[in-house]
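Protein chains: 4
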Amino acid sequence: MIDVGIVGGSGYTGGELLRLLANHPKVKVVVVTSRKLSGKPLSLVHPHLKGIYSLNFEAPNAKEVAERCDIVFTAVPHGTAMDWVPGLLDAGTRVIDLSSDYRLPVDVFEKTYQTKHRAPREAVFGLTELHPEVAKANLVGNPGCYPTGATLAVAPLAKAGLVERVVYDSKSGISGAGLEPTETSHYPNMAQNVIPYKLTTHRHVPEIKQEMTRLSPGIKINFTPHVVPAVRGILTTAHVFAREEAVETLQDKSKVAEIYREFYKNAPFVRMAERVPSLASVRGSNFCDISFEPELGSDRLVVISAIDNLVKGASGQAIQNMNLMAKLDERTGLWFPGMAP
Amino acid sequence: MIDVGIVGGSGYTGGELLRLLANHPKVKVVVVTSRKLSGKPLSLVHPHLKGIYSLNFEAPNAKEVAERCDIVFTAVPHGTAMDWVPGLLDAGTRVIDLSSDYRLPVDVFEKTYQTKHRAPREAVFGLTELHPEVAKANLVGNPGCYPTGATLAVAPLAKAGLVERVVYDSKSGISGAGLEPTETSHYPNMAQNVIPYKLTTHRHVPEIKQEMTRLSPGIKINFTPHVVPAVRGILTTAHVFAREEAVETLQDKSKVAEIYREFYKNAPFVRMAERVPSLASVRGSNFCDISFEPELGSDRLVVISAIDNLVKGASGQAIQNMNLMAKLDERTGLWFPGMAP
Amino acid sequence: MIDVGIVGGSGYTGGELLRLLANHPKVKVVVVTSRKLSGKPLSLVHPHLKGIYSLNFEAPNAKEVAERCDIVFTAVPHGTAMDWVPGLLDAGTRVIDLSSDYRLPVDVFEKTYQTKHRAPREAVFGLTELHPEVAKANLVGNPGCYPTGATLAVAPLAKAGLVERVVYDSKSGISGAGLEPTETSHYPNMAQNVIPYKLTTHRHVPEIKQEMTRLSPGIKINFTPHVVPAVRGILTTAHVFAREEAVETLQDKSKVAEIYREFYKNAPFVRMAERVPSLASVRGSNFCDISFEPELGSDRLVVISAIDNLVKGASGQAIQNMNLMAKLDERTGLWFPGMAP
Amino acid sequence: MIDVGIVGGSGYTGGELLRLLANHPKVKVVVVTSRKLSGKPLSLVHPHLKGIYSLNFEAPNAKEVAERCDIVFTAVPHGTAMDWVPGLLDAGTRVIDLSSDYRLPVDVFEKTYQTKHRAPREAVFGLTELHPEVAKANLVGNPGCYPTGATLAVAPLAKAGLVERVVYDSKSGISGAGLEPTETSHYPNMAQNVIPYKLTTHRHVPEIKQEMTRLSPGIKINFTPHVVPAVRGILTTAHVFAREEAVETLQDKSKVAEIYREFYKNAPFVRMAERVPSLASVRGSNFCDISFEPELGSDRLVVISAIDNLVKGASGQAIQNMNLMAKLDERTGLWFPGMAP
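Residue numbers (our numbering), protein chains in the order written: chain P, 1 to 341; chain C, 1 to 341; chain V, 1 to 341; chain X, 1 to 341.
Hints may be right or wrong, so weigh each one.
Copies of the same chain look alike in the list, so a pair counts if it works inside one copy or between any two.
As the list claims (entries may be wrong) - Listed next, the in silico DMTMM-like pairs over lysine to aspartate or glutamate satisfying Cα-Cα at most 20 Å (straight line):
(1) LYS220 <-> GLU164
(2) LYS40 <-> GLU274
(3) LYS198 <-> GLU274
(4) LYS255 <-> GLU295
(5) LYS220 <-> GLU244
(6) LYS265 <-> GLU129
(7) LYS209 <-> GLU110
(8) LYS40 <-> GLU183
(9) LYS198 <-> GLU295
(10) LYS26 <-> ASP83
(11) LYS116 <-> GLU129
(12) LYS220 <-> GLU245
(13) LYS209 <-> GLU295
(14) LYS26 <-> GLU295
(15) LYS111 <-> GLU295
(16) LYS36 <-> GLU183
(17) LYS159 <-> ASP252
(18) LYS26 <-> ASP70
(19) LYS209 <-> GLU129
(20) LYS198 <-> GLU293
(21) LYS198 <-> ASP252
(22) LYS253 <-> ASP90
(23) LYS28 <-> GLU67
These aren't lab readings, by the way, just hints derived from the structure by calculation. Quantities reported herein were computed from a predicted structural model and do not represent experimental measurements.
All chains, full assembly: derive it from the sequences and hints.
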């Protein structure tokens, strides 16, 4: 059994790690930290976990956590993970960080988050479908939710050099904003509404650009996020514009299908969907469903991807990374369907 | 491994059986029937199951199903199950029927459903917490969703002879009405709405009365259901009125708590909740969460129960029955938390 | 024109007064107060009002407000209204208070709200259908949202002396809790959920008891509220139990219908509905829709009422009171349909 | 008073015309047709209208309708309006058609709807902000919901010759699909979901192209619609890409603001919003709220528009057209705020 710790277990991604690990056949959760809730049962803030875990929250330091764990998930806020990670690594454990602290080069991070990085370390970007090197990493920066859905949607076409520009228009459930009540998450404001925000300046843009540019230098990326009345899920509409010489290729459905099939042939969690995906088909699961449709007589191809932001967009992907780091089949403990209806 | 068949696999309860059985360690689903979809992959109507099952729907007869299965779930509409069950039983398999055909005595069934019963058989009412005899049954009538939540909420107090009357006021998600679009399930009608229906005549009342009267002869039962803007879940508010001599007992929180604790000491899926339960704490799981509060200076005790109508109220409970019939721990394959948020 | 002021215009009831008064043909809103937002345009917190009002929030004292207004609505929190009302009355204006400060006798108020009443004044309970004396009042205590729907639902039967007990089970939209984000109003907690609360101790109970007892001394009242995933509306399910001698009467639909018809013959905003009412049929309007169904062979009659909590349950009823106080037809400015779908 | 008729009054746009006209000071609704419901009260399918209208549905022919009306709204399905309009016009009334039958040139209509046009007539495209000539029209083709929000969002910039391409990504409430229950509108499918559809082939594209090309010949238009869990509203995200020579201009907020201000200076229903608009700020009203944000260092400007699809996107706009045709202030009967929360 892999002894696992969760640093910061009281939020949504911590709770989701606990939900998902409850049935992982190779994992034992041995410590869950929360400074504020130390001594309290997990079910106090996670009533759905009652009876499943008998653990209490604890407040150990990094060294103590590391000594008890083979692998640690850090599920603390952006800017806080960097206070934990060095201590954990130095004490000899491996770390999967769900915050944004280890996803970007230090200069890009500091510019994006307007925060000095106090503890840079070498890390692998944990989008497992594109980064098999996570298997050997000691520190994985688990990708943001938007970058996961956006990158997976267009990576095969970008890699093939077919894409001039992608206009990403993403629709997210509100759980991505965390469990603290805000004006936006106030039910009367969110119900029956669609709220665009950070129209051109979302902090996930650098992650998307980093991954897409790696696949296709010079590709143009635009991104606008919205929240919609859903708790979970991100539906990304990628308006893909072909390079001049690739217009014909993107109009050819069977060629495009073949490019995706080949690219994702070893990626069990990416499903090419017959019907246009929606949040409903992936809710609660680690799948990323994708479909596409070329616009007749145009240079545009529309690609749709759907993920559960808390699973493939956060905690599920983190476990997928853990599986690879532990030399397990990446599906272990994650190979279950979403919840529908 | 237990070879399992699902007769009628295209609806919500069939889909939910498949979702839940996907990770049951002792079960192999070998046949899923649908006359209309025979030959088509399960994922056609259950896109969330894509990649998890490679089965196609089939259209065998009862004998053929029975020959391939140890246990069969019948998840067909009320009035149709009776066309399958005798054939399945006679061919030597055991059956858990999720319709209403085998929950009531024949005369009560015929009066309630205004349908002649064409094939009465002896069956056990599969509310496992109250009917351990399911372990030996060849035919289990899996309880209705409302009766499950309503009965579990008040059974301990009824058994103790404390209750004069229960006024049940239930709030259900709309998935209980099935996957066929109707005027009520039309999103513009259901969103932001509360719709009371069959105010005094719901067909589940005889099941509730049957179980409650068995526990406490002469108890008075009233029941009114509502649909609320939720897909899954039933929240039942049980307004419990004490017998004259029991008023004082029901005012005593610790006595009431003790009665529940004792009654459910061997029932792992019934959780006495510290906070008032809501649909959120049981969504997707087989738990029934219960709490209560006496009204000071009154003869009323309010009991709240929450279940997921598709799990504890249907497919999960059916698997719980199957586990007992197969001499497995009743938690097998069902011991996972709900999905929150 | 009636010059009207709103003390406390930044919340939901203040915003709703503004929405409704925008088209009132006899009213001019001359002052809207908010200490915090003084000098800011109304549309800052009420973007839907942009272009409709050119007013800014102000921060005058009671005397200054009174001097500019014929009638003033106080839409400030419970416990704060009593700091405004005496000053307004003493300066010669009439007041409709939407808080709970002037709905109950002082002793009941103080016990219920655990607050010393600093400024008791004579007031009329502004449930216009039952209290025509509002026409002459200088101070109206505008009823709570739950008491409005609950009282109107059963008043005719109570008045007729037919009722032994009413078990009220109410389902409310979350806007009743105001515009401050809370754990309960957090979208991930409220969506797809039903949350019972204050199972036996809601602060509106004394108002309901006051009104029902006035109509039928000795009547037994129980009340349990829930919030459901809706912004607006209260659906009240009244489980009415007949006095022994009245069982037969309550089983007789035409007699019951006649009792309601007679009682509400001069009440244009109470509509006896052919179909069971739901929140959808009254959303945004000042109507209270009611229907009923006797339970065959029982002592129970189920009555359903539906109101919009912000209109008939608050601001609309306040304007209805204002109309009567100003000797206008009570429908003036309120005679429009709800919004459907 | 203007005597008005509604042909096809049982659907959502018919119901919405009735809701809006109920308080129009210059209009009397004299006839509402429905073949199926002839003789039945309006409130049978529009329970929110109970008490407001005492009319019954009727089933007269076009000539009979025309004789009783000054202006007629045809709110029948696409392809059916053309069976009514000629008869109405020939009998001397003026017509505002809410279907798609009179929005496009005949050849474009026939290609788009794959239907032979049986009765072409000269008509004005009723987007009043761009087509003041509606004032003199005898037949107005009331615009589609998506084209209304999409065109208004970018018209000023297109007119100024600044735009190379617009990628429209629209999010619509489900009421746009009408009141017939479908698989998509089934609550369990629509709740908590985002459903992209007709990714590149929606039938409203020709309307958008017609209007945008008129303003800026050669402009490139792409459009993808989605339904979101909302009953009402369309939020359109317009990703506007500048012509090479206009990149700098679109980066200049004050220049862009000035272009919008000038263009819409006489358009009372277009509001330039300080905060990014959302469906909530226009719900139930005839407003179109717009805001924009340039992407720093890019050729992209993001423009957001929000309308209520049943009001500004259908019935409200139809009444706005009627006002102009009748030489009334275009705000008459429409100058009220939306409903919030």
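Do the hints match the structure? See the list:
Within a single copy, LYS220 and GLU164 get their C-alpha atoms as close as 6 Å, and across copies as close as 16 Å, so both meet the 20 Å cut-off. Taking the shortest alpha-carbon separations for LYS40 and GLU274, only the inter-copy value of 13 Å comes in at or below 20 Å, while the best intra-copy value is 47 Å. In this homomeric assembly, LYS198 and GLU274 come within 20 Å of each other (Cα to Cα) only across copies, at 14 Å, whereas the closest approach inside a single copy is 32 Å. In the homo-oligomer, the alpha carbons of LYS255 and GLU295 lie at most 20 Å apart inside one protomer (15 Å), although the nearest pairing across protomers, at 33 Å, exceeds that limit.
Within a single copy, LYS220 and GLU244 get their C-alpha atoms as close as 14 Å, and across copies as close as 15 Å, so both meet the 20 Å cut-off. Proximity of LYS265 and GLU129 under a CA criterion of 20 Å is satisfied intra-copy only: 10 Å inside one chain copy versus 47 Å between copies. In this assembly of identical chains, the alpha carbons of LYS209 and GLU110 lie at most 20 Å apart only when taken from the same copy (16 Å versus 43 Å across copies). In this homomeric assembly, LYS40 and GLU183 come within 20 Å of each other (Cα to Cα) only across copies, at 19 Å, whereas the closest approach inside a single copy is 29 Å.
Taking the shortest alpha-carbon separations for LYS198 and GLU295, only the inter-copy value of 10 Å comes in at or below 20 Å, while the best intra-copy value is 28 Å. Neither within a single protomer nor between protomers do LYS26 and ASP83 lie at most 20 Å apart by alpha-carbon distance, with minima of 28 Å and 45 Å respectively. For the identical chains of this complex, LYS116 and GLU129 are neighbours neither inside a copy (30 Å) nor across copies (50 Å), given an alpha-carbon limit of 20 Å. Both within a single protomer and between protomers do LYS220 and GLU245 lie at most 20 Å apart by alpha-carbon distance, with minima of 16 Å and 19 Å respectively.
Proximity of LYS209 and GLU295 under a CA criterion of 20 Å is satisfied inter-copy only: 15 Å between copies versus 25 Å inside one chain copy. Proximity of LYS26 to GLU295 under the C-alpha cut-off of 20 Å is found in neither arrangement, the shortest distances being 46 Å within a copy and 47 Å between copies. With identical chains, the CA atoms of LYS111 and GLU295 are at most 20 Å apart between copies only, with a shortest distance of 17 Å across copies and 37 Å within one. In the homo-oligomer, the alpha carbons of LYS36 and GLU183 lie at most 20 Å apart only across protomers (17 Å), although the nearest pairing inside one protomer, at 24 Å, exceeds that limit.
In this homomeric assembly, LYS159 and ASP252 come within 20 Å of each other (Cα to Cα) only inside a single copy, at 17 Å, whereas the closest approach across copies is 35 Å. Taking the shortest alpha-carbon separations for LYS26 and ASP70, only the intra-copy value of 12 Å comes in at or below 20 Å, while the best inter-copy value is 30 Å. Only within a single protomer do LYS209 and GLU129 lie at most 20 Å apart by alpha-carbon distance; the minimum there is 17 Å, versus 39 Å between protomers. In this assembly of identical chains, LYS198 and GLU293 lie within 20 Å of each other by CA distance solely across copies; the values are 9 Å between and 28 Å within a copy.
In this homomeric assembly, LYS198 and ASP252 come within 20 Å of each other (Cα to Cα) only across copies, at 18 Å, whereas the closest approach inside a single copy is 35 Å. For the identical chains of this complex, LYS253 and ASP90 are neighbours neither inside a copy (50 Å) nor across copies (50 Å), given an alpha-carbon limit of 20 Å. Taking the closest pair of Cα atoms, LYS28 and GLU67 come within 20 Å of each other only inside a single copy of the chain (15 Å); across copies the shortest separation is 40 Å, beyond that limit.
Hint compliance for this structure: hints 10, 11, 14 and 22 are broken, all remaining hints hold.
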